[in-house]
Amino acid sequence: MTAALSAHELIARHRSTLDQALEAIRTRAYWSPHPEHPKAYGENGSLDAAAGKAAFDALLGSRLDLGQPGTDDWVGGETSPYGIDLGVTYPHADLDVLLPAMKAGQRAWRDAGAEQRAVVCLEILKRISDRTHEFAHAVMHTSGQAFMMALHAGGPHAQDRGLEAVAYAYVEQVRTPDNAEWTKPQGKRDPLAMNKQFTPVPRGIALMIGCNTFPTWNGYPGLFASLATGNAVLVKPHPRAVLPLALTVQVAREVLAEAGFDANLVALAAERPGEGIAKTLALRPEIRIIDYTGSTEFGDWLEANARQAQVYTEKAGVNTVVVHSTSDYKGMLSNLAFSLSLYSGQMCTTPQNLLVPREGISTDQGPKSYDEVVADLAKAVDGLLGDDARANALLGAIVNPDVKARLEAASGLGEVALASREITNPDFPGAVVRTPVIVKLDGAKPDDEAAYMSECFGPVSFAVAVDSAEDAAELLRRTVREKGAMTVGAYTTDPEVEQAVQEVCLEEAAQLSLNLTGGVYVNQTAAFSDFHGSGGNPAASAALCDGAFVANRFRVVEVRRDA
8 MTAALSAHEL IARHRSTLDQ ALEAIRTRAY WSPHPEHPKA YGENGSLDAA
58 AGKAAFDALL GSRLDLGQPG TDDWVGGETS PYGIDLGVTY PHADLDVLLP
108 AMKAGQRAWR DAGAEQRAVV CLEILKRISD RTHEFAHAVM HTSGQAFMMA
158 LHAGGPHAQD RGLEAVAYAY VEQVRTPDNA EWTKPQGKRD PLAMNKQFTP
208 VPRGIALMIG CNTFPTWNGY PGLFASLATG NAVLVKPHPR AVLPLALTVQ
258 VAREVLAEAG FDANLVALAA ERPGEGIAKT LALRPEIRII DYTGSTEFGD
308 WLEANARQAQ VYTEKAGVNT VVVHSTSDYK GMLSNLAFSL SLYSGQMCTT
358 PQNLLVPREG ISTDQGPKSY DEVVADLAKA VDGLLGDDAR ANALLGAIVN
408 PDVKARLEAA SGLGEVALAS REITNPDFPG AVVRTPVIVK LDGAKPDDEA
458 AYMSECFGPV SFAVAVDSAE DAAELLRRTV REKGAMTVGA YTTDPEVEQA
508 VQEVCLEEAA QLSLNLTGGV YVNQTAAFSD FHGSGGNPAA SAALCDGAFV
558 ANRFRVVEVR RDA
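When we follow the working numbering, the leftmost residue of the sequence shown carries the number 8, and every step to the right adds one.
Take the hints with a grain of salt, since some may be wrong.
Simulated DEER-style distance windows between Cβ atoms [unchecked claim]:
1. D409 x E282: 44 to 52 Å
2. T287 x V564: 26 to 34 Å
3. Q317 x N186: 24 to 32 Å
Hints in this document: simulated from the structure, not taken from any laboratory.
The beta carbon of each residue, even a glycine, is placed where N, CA and C say it ideally should be.
Work out the full structure, taking the sequences as your base and the hints as a guide.
Listed below in C-alpha coordinates is the structure:
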(Lines of atoms letter the chains of each structure in order from A and count residues from 1; the text may use other names and numbers.)
(Lines give C-alpha, C1' and ligand atoms only; values in the text may rest on other atoms or scores of the structure.)
Protein backbone atom coordinates (compact mmCIF):
# COMPACT_ATOMS: atom_id res chain seq x y z
CA MET A 1 0.00 0.00 0.00
CA THR A 2 1.44 3.38 -1.01
CA ALA A 3 1.17 6.04 1.66
CA ALA A 4 -0.11 9.45 0.60
CA LEU A 5 0.89 10.68 4.06
CA SER A 6 4.44 9.70 4.97
CA ALA A 7 5.54 9.12 8.55
CA HIS A 8 7.98 12.01 8.19
CA GLU A 9 5.20 14.35 7.06
CA LEU A 10 2.88 13.36 9.89
CA ILE A 11 5.61 13.72 12.50
CA ALA A 12 6.50 17.16 11.15
CA ARG A 13 2.83 18.14 11.21
CA HIS A 14 1.86 16.83 14.66
CA ARG A 15 4.92 16.21 16.84
CA SER A 16 4.79 19.66 18.39
CA THR A 17 1.13 19.14 19.35
CA LEU A 18 2.00 15.79 20.90
CA ASP A 19 4.83 17.41 22.87
CA GLN A 20 2.47 20.11 24.16
CA ALA A 21 -0.03 17.45 25.21
CA LEU A 22 2.73 15.57 27.05
CA GLU A 23 3.67 18.77 28.87
CA ALA A 24 0.02 19.49 29.70
CA ILE A 25 -0.57 16.10 31.35
CA ARG A 26 2.67 16.59 33.29
CA THR A 27 1.85 20.06 34.62
CA ARG A 28 -1.99 19.72 34.70
CA ALA A 29 -2.16 23.34 33.48
CA TYR A 30 -4.84 24.58 31.08
CA TRP A 31 -4.14 23.79 27.42
CA SER A 32 -6.17 22.85 24.37
CA PRO A 33 -5.39 22.87 20.65
CA HIS A 34 -9.08 22.70 19.79
CA PRO A 35 -10.91 26.05 19.76
CA GLU A 36 -14.26 26.37 21.52
CA HIS A 37 -15.53 29.48 19.75
CA PRO A 38 -17.75 28.64 16.76
CA LYS A 39 -16.21 31.43 14.67
CA ALA A 40 -12.76 29.87 15.03
CA TYR A 41 -13.69 27.47 12.23
CA GLY A 42 -13.82 28.25 8.55
CA GLU A 43 -10.15 28.55 7.61
CA ASN A 44 -7.39 26.10 6.67
CA GLY A 45 -9.85 23.51 5.45
CA SER A 46 -12.22 23.57 8.42
CA LEU A 47 -15.97 23.95 7.99
CA ASP A 48 -17.61 27.13 9.22
CA ALA A 49 -21.09 27.14 10.76
CA ALA A 50 -22.98 27.25 7.47
CA ALA A 51 -20.83 24.62 5.76
CA GLY A 52 -21.04 22.35 8.80
CA LYS A 53 -24.83 22.59 8.87
CA ALA A 54 -24.98 21.91 5.13
CA ALA A 55 -22.74 18.87 5.53
CA PHE A 56 -25.01 17.52 8.26
CA ASP A 57 -28.14 18.18 6.22
CA ALA A 58 -26.59 16.29 3.30
CA LEU A 59 -26.21 13.23 5.52
CA LEU A 60 -29.93 13.03 6.31
CA GLY A 61 -31.58 10.17 4.45
CA SER A 62 -28.25 8.95 3.07
CA ARG A 63 -26.37 5.66 3.14
CA LEU A 64 -23.02 5.99 4.91
CA ASP A 65 -20.88 3.48 3.06
CA LEU A 66 -17.61 2.95 4.94
CA GLY A 67 -16.21 0.37 2.54
CA GLN A 68 -16.00 -2.26 5.26
CA PRO A 69 -15.68 -5.97 4.41
CA GLY A 70 -18.45 -8.33 5.42
CA THR A 71 -21.35 -5.91 5.00
CA ASP A 72 -24.49 -8.03 4.81
CA ASP A 73 -27.22 -5.44 5.36
CA TRP A 74 -27.93 -1.74 5.86
CA VAL A 75 -29.44 -0.61 9.14
CA GLY A 76 -30.56 2.62 10.76
CA GLY A 77 -33.53 4.14 12.54
CA GLU A 78 -32.19 7.06 14.56
CA THR A 79 -34.73 9.70 15.53
CA SER A 80 -33.49 12.97 16.97
CA PRO A 81 -34.70 13.95 20.46
CA TYR A 82 -35.66 17.16 18.64
CA GLY A 83 -38.19 15.22 16.56
CA ILE A 84 -36.27 14.72 13.30
CA ASP A 85 -35.98 11.34 11.59
CA LEU A 86 -32.31 11.20 10.56
CA GLY A 87 -32.87 8.46 7.99
CA VAL A 88 -29.16 7.55 7.78
CA THR A 89 -28.30 3.90 7.16
CA TYR A 90 -25.06 2.16 8.11
CA PRO A 91 -23.33 -1.10 7.19
CA HIS A 92 -24.32 -4.14 9.20
CA ALA A 93 -21.39 -6.51 9.55
CA ASP A 94 -20.94 -10.25 9.27
CA LEU A 95 -18.57 -10.55 12.23
CA ASP A 96 -16.95 -13.71 10.90
CA VAL A 97 -15.76 -11.67 7.94
CA LEU A 98 -15.11 -8.29 9.57
CA LEU A 99 -13.14 -9.37 12.64
CA PRO A 100 -10.47 -11.37 10.73
CA ALA A 101 -10.12 -8.43 8.34
CA MET A 102 -9.54 -6.09 11.28
CA LYS A 103 -6.89 -8.38 12.75
CA ALA A 104 -4.98 -8.60 9.47
CA GLY A 105 -3.70 -5.03 9.67
CA GLN A 106 -2.39 -5.15 13.24
CA ARG A 107 1.13 -6.38 12.42
CA ALA A 108 2.05 -3.36 10.33
CA TRP A 109 0.34 -1.06 12.84
CA ARG A 110 2.30 -2.68 15.69
CA ASP A 111 5.60 -2.37 13.83
CA ALA A 112 4.99 1.33 13.10
CA GLY A 113 5.94 2.20 16.68
CA ALA A 114 4.48 4.49 19.29
CA GLU A 115 5.38 7.81 17.67
CA GLN A 116 3.94 7.01 14.26
CA ARG A 117 0.77 5.61 15.76
CA ALA A 118 0.42 8.77 17.85
CA VAL A 119 0.76 11.17 14.93
CA VAL A 120 -1.69 9.15 12.82
CA CYS A 121 -4.18 9.46 15.69
CA LEU A 122 -3.50 13.20 15.83
CA GLU A 123 -4.19 13.49 12.12
CA ILE A 124 -7.54 11.74 12.67
CA LEU A 125 -8.36 14.18 15.46
CA LYS A 126 -7.32 17.16 13.34
CA ARG A 127 -9.68 16.14 10.55
CA ILE A 128 -12.50 15.60 13.03
CA SER A 129 -11.75 19.04 14.48
CA ASP A 130 -12.02 20.60 11.02
CA ARG A 131 -15.56 19.19 10.84
CA THR A 132 -16.55 20.29 14.36
CA HIS A 133 -19.71 22.11 13.21
CA GLU A 134 -20.89 19.04 11.28
CA PHE A 135 -20.16 16.78 14.25
CA ALA A 136 -21.94 19.22 16.58
CA HIS A 137 -25.21 18.79 14.67
CA ALA A 138 -24.72 15.02 14.63
CA VAL A 139 -24.21 14.99 18.42
CA MET A 140 -27.10 17.40 19.00
CA HIS A 141 -29.55 15.31 17.02
CA THR A 142 -28.60 12.00 18.61
CA SER A 143 -28.04 13.05 22.23
CA GLY A 144 -30.52 15.90 22.67
CA GLN A 145 -27.80 18.31 23.78
CA ALA A 146 -28.43 21.95 22.93
CA PHE A 147 -26.34 23.08 19.97
CA MET A 148 -23.64 25.00 21.84
CA MET A 149 -23.16 22.19 24.32
CA ALA A 150 -23.01 19.69 21.45
CA LEU A 151 -20.42 21.86 19.74
CA HIS A 152 -18.31 22.12 22.91
CA ALA A 153 -18.72 18.70 24.54
CA GLY A 154 -19.13 16.77 21.30
CA GLY A 155 -16.40 18.74 19.52
CA PRO A 156 -13.31 20.29 21.11
CA HIS A 157 -13.81 18.79 24.56
CA ALA A 158 -14.21 15.29 23.09
CA GLN A 159 -11.21 15.87 20.84
CA ASP A 160 -9.19 16.99 23.88
CA ARG A 161 -10.08 13.77 25.68
CA GLY A 162 -9.01 11.73 22.63
CA LEU A 163 -5.69 13.59 22.40
CA GLU A 164 -5.17 13.19 26.13
CA ALA A 165 -5.52 9.41 25.74
CA VAL A 166 -2.98 9.42 22.90
CA ALA A 167 -0.52 11.35 25.08
CA TYR A 168 -0.88 8.91 27.98
CA ALA A 169 -0.57 5.98 25.58
CA TYR A 170 2.64 7.40 24.15
CA VAL A 171 4.15 7.97 27.60
CA GLU A 172 3.47 4.43 28.72
CA GLN A 173 4.84 2.87 25.54
CA VAL A 174 8.13 4.80 25.50
CA ARG A 175 8.71 4.22 29.22
CA THR A 176 10.71 1.15 28.15
CA PRO A 177 13.48 1.76 25.55
CA ASP A 178 13.33 0.05 22.17
CA ASN A 179 16.79 -1.45 22.66
CA ALA A 180 19.26 -1.97 25.48
CA GLU A 181 22.85 -3.21 25.74
CA TRP A 182 23.20 -5.34 28.88
CA THR A 183 26.57 -6.23 30.39
CA LYS A 184 27.10 -8.09 33.65
CA PRO A 185 30.66 -8.23 35.09
CA GLN A 186 31.98 -11.74 35.86
CA GLY A 187 35.13 -10.92 37.80
CA LYS A 188 38.15 -12.42 36.04
CA ARG A 189 35.99 -14.00 33.39
CA ASP A 190 34.63 -12.22 30.35
CA PRO A 191 31.48 -10.25 31.12
CA LEU A 192 28.08 -11.50 30.05
CA ALA A 193 26.74 -9.29 27.27
CA MET A 194 23.38 -9.25 25.60
CA ASN A 195 21.39 -7.16 23.18
CA LYS A 196 17.77 -6.72 24.28
CA GLN A 197 14.88 -5.52 22.15
CA PHE A 198 11.54 -4.40 23.66
CA THR A 199 8.37 -4.09 21.61
CA PRO A 200 4.94 -2.89 22.78
CA VAL A 201 2.44 -5.37 21.34
CA PRO A 202 -1.33 -4.94 21.20
CA ARG A 203 -3.74 -7.15 23.08
CA GLY A 204 -5.96 -7.65 20.04
CA ILE A 205 -9.19 -6.10 18.85
CA ALA A 206 -10.73 -3.48 21.13
CA LEU A 207 -14.50 -3.04 21.38
CA MET A 208 -15.76 0.45 22.16
CA ILE A 209 -19.43 0.41 23.23
CA GLY A 210 -20.81 3.92 22.83
CA CYS A 211 -23.42 5.73 24.91
CA ASN A 212 -26.47 7.77 23.93
CA THR A 213 -25.76 10.99 25.81
CA PHE A 214 -22.09 11.73 25.02
CA PRO A 215 -21.15 9.51 22.08
CA THR A 216 -17.87 11.28 21.24
CA TRP A 217 -16.83 12.65 24.64
CA ASN A 218 -17.18 9.27 26.31
CA GLY A 219 -16.15 7.31 23.22
CA TYR A 220 -12.93 8.99 22.14
CA PRO A 221 -10.75 8.15 25.18
CA GLY A 222 -11.11 4.40 24.77
CA LEU A 223 -11.04 4.51 20.99
CA PHE A 224 -7.80 6.50 20.78
CA ALA A 225 -6.15 4.80 23.77
CA SER A 226 -6.61 1.42 22.07
CA LEU A 227 -5.64 2.61 18.61
CA ALA A 228 -2.53 4.44 19.82
CA THR A 229 -1.33 1.31 21.63
CA GLY A 230 -1.53 -0.79 18.47
CA ASN A 231 -4.96 -2.37 18.71
CA ALA A 232 -7.64 -2.47 16.04
CA VAL A 233 -10.88 -0.87 17.28
CA LEU A 234 -14.44 -1.99 16.60
CA VAL A 235 -16.88 0.83 17.38
CA LYS A 236 -20.33 -0.33 18.53
CA PRO A 237 -22.47 2.83 18.92
CA HIS A 238 -25.63 3.14 20.95
CA PRO A 239 -28.45 2.46 18.46
CA ARG A 240 -29.90 5.94 19.12
CA ALA A 241 -26.52 7.68 18.64
CA VAL A 242 -24.77 6.07 15.69
CA LEU A 243 -24.06 9.04 13.43
CA PRO A 244 -21.29 10.85 15.39
CA LEU A 245 -19.30 7.65 15.84
CA ALA A 246 -19.94 6.48 12.28
CA LEU A 247 -18.47 9.75 11.03
CA THR A 248 -15.52 9.21 13.37
CA VAL A 249 -14.93 5.75 11.93
CA GLN A 250 -15.17 7.18 8.42
CA VAL A 251 -12.46 9.76 9.15
CA ALA A 252 -10.22 7.22 10.90
CA ARG A 253 -10.43 4.79 7.99
CA GLU A 254 -9.54 7.52 5.49
CA VAL A 255 -6.49 8.64 7.47
CA LEU A 256 -5.23 5.11 8.12
CA ALA A 257 -5.42 4.29 4.41
CA GLU A 258 -3.66 7.52 3.43
CA ALA A 259 -0.91 6.80 5.95
CA GLY A 260 -0.30 3.39 4.39
CA PHE A 261 -2.11 1.25 6.94
CA ASP A 262 -5.11 -1.05 6.70
CA ALA A 263 -8.33 0.97 6.95
CA ASN A 264 -9.95 -2.01 8.68
CA LEU A 265 -8.01 -1.20 11.85
CA VAL A 266 -11.10 0.85 12.70
CA ALA A 267 -14.59 -0.39 11.83
CA LEU A 268 -18.23 0.16 12.76
CA ALA A 269 -20.65 -2.39 14.22
CA ALA A 270 -24.13 -0.97 13.71
CA GLU A 271 -27.08 -3.15 14.66
CA ARG A 272 -30.61 -3.91 13.60
CA PRO A 273 -33.41 -2.65 15.86
CA GLY A 274 -33.52 -4.80 18.96
CA GLU A 275 -30.58 -6.96 17.85
CA GLY A 276 -28.50 -6.25 20.96
CA ILE A 277 -25.12 -7.27 19.55
CA ALA A 278 -23.07 -5.84 22.43
CA LYS A 279 -23.25 -9.09 24.44
CA THR A 280 -22.40 -11.17 21.40
CA LEU A 281 -19.41 -9.00 20.57
CA ALA A 282 -18.21 -8.81 24.17
CA LEU A 283 -17.81 -12.59 24.36
CA ARG A 284 -16.03 -13.06 21.02
CA PRO A 285 -12.52 -14.44 21.61
CA GLU A 286 -11.07 -11.85 19.21
CA ILE A 287 -12.21 -9.02 21.51
CA ARG A 288 -9.43 -8.39 24.04
CA ILE A 289 -10.30 -4.88 25.29
CA ILE A 290 -13.73 -3.39 26.05
CA ASP A 291 -14.61 0.23 26.79
CA TYR A 292 -18.16 0.82 27.98
CA THR A 293 -20.22 3.76 29.20
CA GLY A 294 -23.78 3.14 30.36
CA SER A 295 -25.93 1.36 32.91
CA THR A 296 -24.54 -0.35 35.98
CA GLU A 297 -26.41 -3.54 35.12
CA PHE A 298 -24.69 -4.08 31.78
CA GLY A 299 -21.36 -2.78 33.06
CA ASP A 300 -21.45 -5.36 35.86
CA TRP A 301 -22.35 -8.05 33.32
CA LEU A 302 -19.34 -7.13 31.16
CA GLU A 303 -16.98 -7.20 34.12
CA ALA A 304 -18.31 -10.61 35.21
CA ASN A 305 -18.59 -12.31 31.83
CA ALA A 306 -16.14 -10.82 29.30
CA ARG A 307 -13.28 -12.65 31.00
CA GLN A 308 -11.08 -12.79 27.90
CA ALA A 309 -10.96 -8.99 27.71
CA GLN A 310 -9.56 -6.11 29.70
CA VAL A 311 -12.76 -4.22 30.60
CA TYR A 312 -12.97 -0.48 31.30
CA THR A 313 -16.38 0.73 32.47
CA GLU A 314 -18.07 3.97 33.35
CA LYS A 315 -21.37 3.06 34.97
CA ALA A 316 -23.78 4.89 37.24
CA GLY A 317 -23.33 6.60 40.57
CA VAL A 318 -25.15 8.81 43.04
CA ASN A 319 -23.40 12.16 42.98
CA THR A 320 -23.60 14.12 46.20
CA VAL A 321 -23.08 17.72 47.33
CA VAL A 322 -22.62 18.52 51.02
CA VAL A 323 -24.05 22.00 51.79
CA HIS A 324 -22.72 22.98 55.21
CA SER A 325 -21.89 26.73 55.01
CA THR A 326 -20.75 29.31 52.50
CA SER A 327 -19.19 32.75 52.28
CA ASP A 328 -20.96 33.40 48.97
CA TYR A 329 -24.57 32.30 49.27
CA LYS A 330 -25.69 33.85 45.99
CA GLY A 331 -22.72 32.37 44.12
CA MET A 332 -23.36 28.95 45.61
CA LEU A 333 -27.02 28.97 44.59
CA SER A 334 -26.18 30.19 41.10
CA ASN A 335 -23.50 27.54 40.64
CA LEU A 336 -25.75 24.74 41.87
CA ALA A 337 -28.69 25.91 39.76
CA PHE A 338 -26.56 25.75 36.62
CA SER A 339 -25.16 22.34 37.56
CA LEU A 340 -28.64 20.90 38.07
CA SER A 341 -30.00 22.39 34.84
CA LEU A 342 -27.24 21.79 32.29
CA TYR A 343 -28.37 19.28 29.63
CA SER A 344 -31.44 18.47 31.74
CA GLY A 345 -29.25 16.70 34.29
CA GLN A 346 -28.45 14.00 31.74
CA MET A 347 -24.79 13.86 32.69
CA CYS A 348 -23.09 11.16 34.73
CA THR A 349 -21.54 14.00 36.77
CA THR A 350 -24.73 15.94 37.60
CA PRO A 351 -25.39 16.27 41.36
CA GLN A 352 -28.35 14.29 42.61
CA ASN A 353 -28.30 14.45 46.41
CA LEU A 354 -27.86 17.77 48.22
CA LEU A 355 -27.16 17.07 51.90
CA VAL A 356 -28.30 20.03 54.00
CA PRO A 357 -28.31 20.13 57.84
CA ARG A 358 -31.88 20.24 59.08
CA GLU A 359 -30.98 23.10 61.47
CA GLY A 360 -29.75 25.14 58.51
CA ILE A 361 -26.45 26.63 57.36
CA SER A 362 -24.40 29.76 58.00
CA THR A 363 -23.88 32.16 55.10
CA ASP A 364 -22.61 35.63 54.30
CA GLN A 365 -26.29 36.65 54.32
CA GLY A 366 -26.88 35.29 57.80
CA PRO A 367 -28.26 31.94 58.96
CA LYS A 368 -30.46 30.06 56.47
CA SER A 369 -32.78 27.27 57.51
CA TYR A 370 -33.03 24.01 55.57
CA ASP A 371 -36.35 25.16 54.11
CA GLU A 372 -34.87 28.53 53.11
CA VAL A 373 -31.87 26.94 51.40
CA VAL A 374 -34.07 24.62 49.38
CA ALA A 375 -36.57 27.37 48.51
CA ASP A 376 -33.77 29.75 47.49
CA LEU A 377 -32.20 27.07 45.29
CA ALA A 378 -35.56 26.49 43.65
CA LYS A 379 -35.81 30.25 42.99
CA ALA A 380 -32.30 30.24 41.51
CA VAL A 381 -33.21 27.46 39.10
CA ASP A 382 -36.46 29.25 38.23
CA GLY A 383 -34.56 32.47 37.63
CA LEU A 384 -31.97 30.75 35.46
CA LEU A 385 -34.62 29.02 33.34
CA GLY A 386 -37.32 31.70 33.47
CA ASP A 387 -36.64 32.81 29.90
CA ASP A 388 -37.64 30.02 27.53
CA ALA A 389 -34.97 30.82 24.96
CA ARG A 390 -32.22 30.61 27.56
CA ALA A 391 -33.83 27.51 29.06
CA ASN A 392 -33.78 25.72 25.71
CA ALA A 393 -30.12 26.64 25.24
CA LEU A 394 -29.24 25.13 28.62
CA LEU A 395 -31.59 22.17 28.88
CA GLY A 396 -31.49 20.71 25.39
CA ALA A 397 -34.02 17.90 25.01
CA ILE A 398 -34.90 14.81 27.05
CA VAL A 399 -32.86 12.06 25.42
CA ASN A 400 -35.29 9.15 25.79
CA PRO A 401 -38.67 8.16 27.30
CA ASP A 402 -37.04 6.53 30.35
CA VAL A 403 -35.66 9.88 31.53
CA LYS A 404 -39.07 11.50 31.08
CA ALA A 405 -40.73 8.70 33.07
CA ARG A 406 -38.26 9.06 35.95
CA LEU A 407 -38.80 12.82 36.01
CA GLU A 408 -42.57 12.43 36.17
CA ALA A 409 -42.38 9.79 38.90
CA ALA A 410 -40.03 11.84 41.10
CA SER A 411 -42.75 14.19 42.29
CA GLY A 412 -44.36 11.26 44.10
CA LEU A 413 -41.27 10.54 46.18
CA GLY A 414 -41.58 13.45 48.61
CA GLU A 415 -42.47 17.11 49.04
CA VAL A 416 -41.82 18.97 45.79
CA ALA A 417 -39.74 22.10 46.33
CA LEU A 418 -39.50 22.87 42.62
CA ALA A 419 -41.95 21.42 40.14
CA SER A 420 -40.83 20.61 36.62
CA ARG A 421 -42.48 22.54 33.82
CA GLU A 422 -42.76 21.89 30.13
CA ILE A 423 -41.01 24.24 27.69
CA THR A 424 -41.70 24.54 23.98
CA ASN A 425 -38.78 24.76 21.58
CA PRO A 426 -39.99 26.94 18.68
CA ASP A 427 -37.31 25.58 16.34
CA PHE A 428 -38.09 21.95 17.16
CA PRO A 429 -41.73 21.48 18.20
CA GLY A 430 -41.16 17.73 18.57
CA ALA A 431 -38.56 18.16 21.32
CA VAL A 432 -39.42 17.10 24.87
CA VAL A 433 -38.02 19.85 27.10
CA ARG A 434 -38.53 19.87 30.88
CA THR A 435 -37.06 21.94 33.70
CA PRO A 436 -35.60 20.14 36.75
CA VAL A 437 -37.55 18.94 39.76
CA ILE A 438 -36.25 19.28 43.33
CA VAL A 439 -37.76 16.98 45.96
CA LYS A 440 -37.30 17.33 49.72
CA LEU A 441 -36.41 14.11 51.56
CA ASP A 442 -35.41 13.23 55.11
CA GLY A 443 -32.13 11.40 55.55
CA ALA A 444 -33.41 9.75 58.72
CA LYS A 445 -36.44 8.09 57.10
CA PRO A 446 -35.95 4.59 55.63
CA ASP A 447 -38.64 5.16 53.00
CA ASP A 448 -36.82 8.26 51.73
CA GLU A 449 -33.50 6.41 51.70
CA ALA A 450 -34.71 4.10 48.97
CA ALA A 451 -35.13 7.13 46.72
CA TYR A 452 -31.94 9.06 47.39
CA MET A 453 -29.73 5.96 47.47
CA SER A 454 -30.71 5.05 43.91
CA GLU A 455 -29.54 6.85 40.80
CA CYS A 456 -32.36 8.85 39.20
CA PHE A 457 -30.68 9.82 35.92
CA GLY A 458 -32.09 13.04 34.50
CA PRO A 459 -33.27 16.43 35.82
CA VAL A 460 -34.10 15.15 39.31
CA SER A 461 -32.40 16.16 42.55
CA PHE A 462 -33.11 15.47 46.19
CA ALA A 463 -32.59 17.96 49.01
CA VAL A 464 -31.84 15.54 51.84
CA ALA A 465 -32.12 16.84 55.41
CA VAL A 466 -29.37 15.49 57.68
CA ASP A 467 -28.77 15.94 61.40
CA SER A 468 -25.25 17.37 61.24
CA ALA A 469 -22.07 17.79 59.23
CA GLU A 470 -20.85 14.52 60.71
CA ASP A 471 -23.99 12.77 59.50
CA ALA A 472 -23.54 14.34 56.06
CA ALA A 473 -19.97 13.03 55.86
CA GLU A 474 -21.05 9.57 56.93
CA LEU A 475 -23.93 9.48 54.45
CA LEU A 476 -21.55 10.67 51.75
CA ARG A 477 -19.16 7.85 52.63
CA ARG A 478 -21.88 5.22 52.52
CA THR A 479 -23.26 6.54 49.24
CA VAL A 480 -19.90 6.49 47.48
CA ARG A 481 -18.95 3.10 48.90
CA GLU A 482 -22.24 1.40 48.04
CA LYS A 483 -23.40 3.24 44.92
CA GLY A 484 -20.33 5.05 43.62
CA ALA A 485 -19.98 8.66 42.54
CA MET A 486 -18.43 10.33 39.52
CA THR A 487 -18.38 13.67 41.36
CA VAL A 488 -18.67 15.00 44.89
CA GLY A 489 -19.16 18.64 45.85
CA ALA A 490 -19.02 20.43 49.17
CA TYR A 491 -19.68 23.94 50.47
CA THR A 492 -18.21 24.80 53.85
CA THR A 493 -16.30 27.55 55.59
CA ASP A 494 -15.30 25.22 58.43
CA PRO A 495 -11.79 23.73 58.00
CA GLU A 496 -12.72 20.68 60.07
CA VAL A 497 -15.76 19.92 57.92
CA GLU A 498 -13.69 20.45 54.78
CA GLN A 499 -11.07 18.04 56.07
CA ALA A 500 -13.70 15.45 56.99
CA VAL A 501 -15.30 15.55 53.51
CA GLN A 502 -11.90 15.47 51.85
CA GLU A 503 -10.89 12.45 53.91
CA VAL A 504 -14.05 10.60 52.88
CA CYS A 505 -13.28 11.29 49.23
CA LEU A 506 -9.66 10.20 49.58
CA GLU A 507 -10.63 6.98 51.33
CA GLU A 508 -13.48 6.16 48.96
CA ALA A 509 -11.69 7.42 45.81
CA ALA A 510 -14.17 10.09 44.70
CA GLN A 511 -13.29 13.30 42.85
CA LEU A 512 -14.11 16.33 45.01
CA SER A 513 -14.91 19.97 44.13
CA LEU A 514 -14.93 22.48 47.01
CA ASN A 515 -16.84 25.77 47.25
CA LEU A 516 -17.52 26.33 43.56
CA THR A 517 -19.26 29.69 43.15
CA GLY A 518 -17.98 30.95 39.79
CA GLY A 519 -17.82 29.67 36.23
CA VAL A 520 -16.47 26.20 37.02
CA TYR A 521 -19.10 23.55 37.83
CA VAL A 522 -18.97 20.22 39.60
CA ASN A 523 -20.28 18.38 36.54
CA GLN A 524 -17.59 19.64 34.15
CA THR A 525 -14.01 18.45 33.81
CA ALA A 526 -11.11 19.73 31.71
CA ALA A 527 -8.97 17.31 29.73
CA PHE A 528 -5.23 17.27 30.46
CA SER A 529 -5.95 18.54 33.98
CA ASP A 530 -9.03 16.97 35.62
CA PHE A 531 -9.62 13.26 36.07
CA HIS A 532 -13.10 12.08 35.10
CA GLY A 533 -13.99 9.34 37.53
CA SER A 534 -11.33 7.62 39.60
CA GLY A 535 -11.71 3.91 38.92
CA GLY A 536 -11.76 3.47 42.70
CA ASN A 537 -15.47 3.32 43.50
CA PRO A 538 -18.45 1.47 42.00
CA ALA A 539 -19.31 4.24 39.52
CA ALA A 540 -16.41 3.41 37.20
CA SER A 541 -13.55 0.95 36.86
CA ALA A 542 -11.39 3.50 35.03
CA ALA A 543 -10.45 7.16 35.09
CA LEU A 544 -10.39 9.40 32.04
CA CYS A 545 -7.55 9.62 31.68
CA ASP A 546 -4.56 8.28 33.58
CA GLY A 547 -1.72 5.84 33.04
CA ALA A 548 -3.81 2.92 34.25
CA PHE A 549 -6.35 3.65 31.49
CA VAL A 550 -3.80 2.93 28.76
CA ALA A 551 -0.99 0.81 30.21
CA ASN A 552 -2.83 -2.51 30.11
CA ARG A 553 -3.96 -2.13 26.51
CA PHE A 554 -0.56 -3.45 25.38
CA ARG A 555 2.18 -5.70 26.71
CA VAL A 556 5.94 -5.39 26.22
CA VAL A 557 7.58 -8.39 24.56
CA GLU A 558 11.34 -8.83 24.89
CA VAL A 559 13.70 -10.47 22.39
CA ARG A 560 17.23 -10.95 23.68
CA ARG A 561 20.40 -12.14 21.97
CA ASP A 562 23.97 -12.76 22.94
CA ALA A 563 26.04 -9.75 22.03
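Each hint, compared with the structure:
1. One distance hint, 44 to 52 Å for the beta-carbon pair D409 and E282, is violated here, with the actual separation near 19 Å.
2. The hinted window of 26 to 34 Å between T287 and V564 holds, with their beta carbons roughly 30 Å apart.
3. Take Q317 and N186: their Cβ atoms lie about 27 Å apart, and the range 24 to 32 Å holds.
Going through the hint list in order, the structure does not satisfy hint 1, though it satisfies all others.
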